[in-house]
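So the sequences go chain by chain: A and B. Heads up, the first sequence is in the numbering used here, so the first residue is 36 and it goes up one at a time. Heads up, the second sequence is in the numbering used here, so the first residue is 991 and it goes up one at a time.
Hints listed in this document are in silico derivations from the structure and should not be mistaken for laboratory results. The structure presented is a predicted model; accordingly, all values stated were derived computationally and were not measured. Any given hint could be a false lead.
Partial chain A-side listing against chain B, Cβ under 7 Å, derived [what the hints assert, rightly or not]:
no., residue
1, Val224
2, His303
3, Leu308
Output of the computed footprint for chain B on chain A, the stretches with three or more beta carbons under 8 Å from beta carbons of chain B [unchecked claim]:
no., segment
4, 48-59
5, 140-151
Just so it is clear, CB atoms sit at the ideal spot from N, CA and C, and this is done for glycine as well.
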Amino acid sequence: MENLYAALTSVKVLRCSVGQIFNSLANGIRADHGEEGRDTKFLSEIEELLNAVTHHLRDVEQAVNNLSQPPGPLTLGNTNFLSQECTQERQALYSQLVLSYKWTDKIHEYSNHAAALLSQNSLKRSYMNPGSAKRRRTQTSSHNVSPQAVDTVISAIDRQFNDMTMSISRPFATNAVLQVSLGRVLQAVIAFKGLMIEWVVVKGYGEAFDLWTDSRHKVFRKITENSHAAMLHFYSPTLPELAVRSFMTWFHSYITLFSEPCKKCGSHLHCALPPTWRDLRTLEPFHEECKL
Amino acid sequence: MGVTILHQFPMLENRTGPQTIEFLTKRIVALGAVQMGQFLVDCDSYISMPSLGPQRTVHVLHNSEQPASVFSILETNTKTIPLVADGLFDLLMLKMTPIYTKKVAKIESKGPRFELADFCIKLGSVTISQNFKGVLVEVEYRPCVVPSNCVGLMREFLQGFLGSCVQSLPACLQNKMDEVYQPMDTIQQYLDHFLNFRKMAGYSG
Ligand SMILES: [Zn+2]
């Protein structure tokens, strides 16, 4: 197998160098050959390239010599039977099969990379310790909180901000869906699972309160995106109450969305958008492009 | 609907109306705006018969942005009364000819309509019975409904593409800065400018 790969690579290299020759032949004498003795310079360049080709050709020959005759017929598994297919239109099936095989191979590779990256990331939203059952019992889960407890937490937050009104509904059994109006600036729908914030949709004043459609306005779609980032940032499995309160405090800073200019560049608009990002700690407004 | 500011763009001596529109179009497209159709705002004014006591004027306006509505503003000596009705109001006005007669030529603003992120920009040529009078630039910031929240932002945007000729806010917005912006507020701004154009052209009413 190793030899086969080496042979294929050397063929590739050979084709490249032949391509280069034709390329410089087609271009002829170029400006960078200068004025003096440009013919000789051009000829020596071609000669150099030809030498490279002979060199690469030798490599190919050597690699081919290294290849061994495959022992017996190649085993193609079930695809062997494709040759017995007599309908005309299905005979092209083999190439399609190869193509889909390549795809699955690629997907496998990509998902391996993704899994490696995700496992380094600490944004885990549930306990999946394969470890001892004993430890699991001691952890308080933010998913299993009584509706009364959720109500208490939310109404406490509601009292904290007088320009932010909230109302709780429970369309999906015990899990709360919170409707937030932030002054006359924007509205949001926040879906909870227990005390964990599961989804946020931000909309404009007067737009319909629902979880499934995006806002008509670009600025609120951007803030929805940023809220998702913040909800993951503030998430804390051990202190679910604090997580919700920090998120709501952060969210409340959007009350100045249209009135406060960006802390970095000092202007209101960048790419026709106001500062749509609020710093997670200082709550200062920044444009998407200015936040770093 | 979002907060809207209507601004009269000063005409230069050596530039015609279409040239001014083209000049502004180039600027707004350079900012990344995309043209999305045309718009039209028109205004007819009706004056009450002198035999019926003190004079009153009814201005009837249409805005292509709210195609199903007819806006009317009744002006008496002491107050102005705005009214939003549906299309039937036009027919009603036709029946009112014994009381309100139409004496003043129609004035309208029309031209291309652009969108840039959440902004909607309209470049209107104002004409009184087909005679060009000037250029009105309308800028709407659709996500924001309360004028006081976005004054700075709107001013920055307007100055960004109209230059320093943008200074103060429209008069009719200044006493309702903290109210939710209504389509009627746009109409009021158009009417204020239209009456100005008429006055300069020497029409009464
Ligand atoms: Zn900025």
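Checklist entry - Any of the earlier hints contradicted here, and which numbers? => result 1, 4 and 5
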